[in-house]
Amino acid sequence: MKHLTLILAILIGSATVAQAACYADYKAKQDNPLQLHYGVAEIQGDCSVENAASQLLARLGSDGWQLLNVLAVFDDGGLDQRKDSAGEYFLRY
Amino acid sequence: MSISSATEGREIGSRIIIGGILAIVSILFVAAVLLFINLPDANAFNARVEQLFIENDTLTGNAEIKLLEILAGSGTAFSDTLSSYRFVIFVLLVFATALLIAAVAFLVMLIALTRRMARIERSGIEVNSLQINRDQKAVYLNDFEFKLTDAAIETLSVLAEARMDDEVLSGAEIESVISGRDPSDCDEAAGATRIKRLRDTLGNQMISELLVKNIARKGYMLAIDKNVIRMD
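In order, the protein sequences belong to chains W and Z.
Residue numbers for the first sequence, in my numbering: -8 to 84.
Residue numbers for the second sequence, in my numbering: 32 to 263.
Rather than coming from a laboratory, the hints here were simulated on the basis of the structure.
Keep in mind the model is a prediction, meaning the values are calculated, not measured.
Partial selection, computed: residues in chain W whose CB lies under 10 angstroms from chain Z:
#1 Asn23
#2 Gln26
#3 Tyr29
#4 Arg73
#5 Ala77
Ideal Cβ positions, reconstructed from N, Cα and C, are used throughout, including at glycine.
Looking at chain Z on its own, in the form it has when it is part of the complex (with noise of 0.2 angstroms):
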């Protein structure tokens, strides 16, 4: 997979990301609102009690009034009951929408981590890590550490430096940079022998196709990510 699908591919996921959350808020918003819309309301109980009052013509008396109107008081409780249960069911919505959203992102992210060990397994080895140690004359790919000539360190430091500055080196220009003299008069195959030294010290065929690649007509250059160079 080559860098720029990569690129497509996270603008897809976050696309996805953000329209899955929309989607979850939006839906939780209409539930939300259907759900306080039809929660019953409070002063239907009094209105009832206020239409039996008025339609019995006989309920005149102090004691009916009186017990009406404590039924109407109990409805009045009914509707704090009613303001506690729309509390209680807002905290379970803003849970459920926590809840929803990270669902998400996790499902996102475990998409993403597929198609990268995907993307891995087809590529064999990824280097994850090279690190240049000229004190030790060594270089540590992700874990493994290779032993290199002096020559050959250098070499590998100038490929890593221009990897950096997404550079391509020609042979002469790896010559010139070497030896410190001007690239017109600097020979092409010096610079082709100095990588082919490289290559010999670290495993010649995989390490051209992994490493240190051949770009035709422009020259050479490290077929790493250029984050994971690290100089000591």
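Isolated chain W, as found in the complex (with noise of 0.2 angstroms):
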């Protein structure tokens, strides 16, 4: 019982390892006037910058940005050192 809780636990632990987060930071504009943002956003499923770059031209798209290019995509870790430089559109598409 005690073994089988573990297993459990790890089993857990492991599926929320290969579910961890994943994040893209992009670049973006808009046109007459031309308005530039960098900012970050939270990516479903295929964690690579073509998977981003596909689900961001459509969030974007969607309130009239243009996407320039992802820069990189990256998980928890590399949130805290980008939430400066997005600002308002720190997760916000």
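Two independent chains are provided; combine them into the complex using the hints.
This is the structure in structure tokens:
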């Protein structure tokens, strides 16, 4: 029984590790007048730059923003250092 | 210079005017198009700022982004300046067109005047106005007044009226108009005598060349433009 709970705990732990949150930072713009922003967004599913780009393109486009590029994808560890730069666009989209 | 070649000259002149004006308008139109095409695009500034933003991964801070946006904003202000430049260029081109068209017109007028002057110099005396005044028994050639006898006035009037109708009168016809008889009853010599008397009172040889001309086997006519004749 004690072994079982341990295995269960390890399983749950590994599951949460496997589902570790994925984030991407990106650059976007609006035309006329030119507006720019740098932001951080959470990405669902595959944690790759391509996947992040395709998701962000749709999310930003609905608000009139045009995605310029995705800089990188990262997990929770990278969030804090980017929080200041992203400002109001931190996890907004 | 004969009348037909004068009209030809006028046609050539108007063709030169039309051709010149078309050339000016097309040249200025091409110049305008080239000018407008070569004006820098106002969005070039925004594109450069955007490129700068994409290429530099460190330009992610709020302050840096604000700075880039301000730079782009000054580019937009530059585009307003460009549109005002476009308007200024347009106005200047319209002025240039008007001036060049005027210049061509004046040039052609100058050529025509020079030609006319040359013609006048060649023909010696040009009758610009012939005014017959029956009451005062006088004829005014240009500004010169000539006193004529009743018979001479009558002959000159008949010739002037015939000239206005583009007719050439024989001696018999002149005599018939003045005497009121049928031309077949009139003597050719009687009309010729009237013509001789008219020429005598006005100054004979010079007048026969310049004014009262004899056309062989046809008759007599006034050698002047019919538009200058006035009868009082």
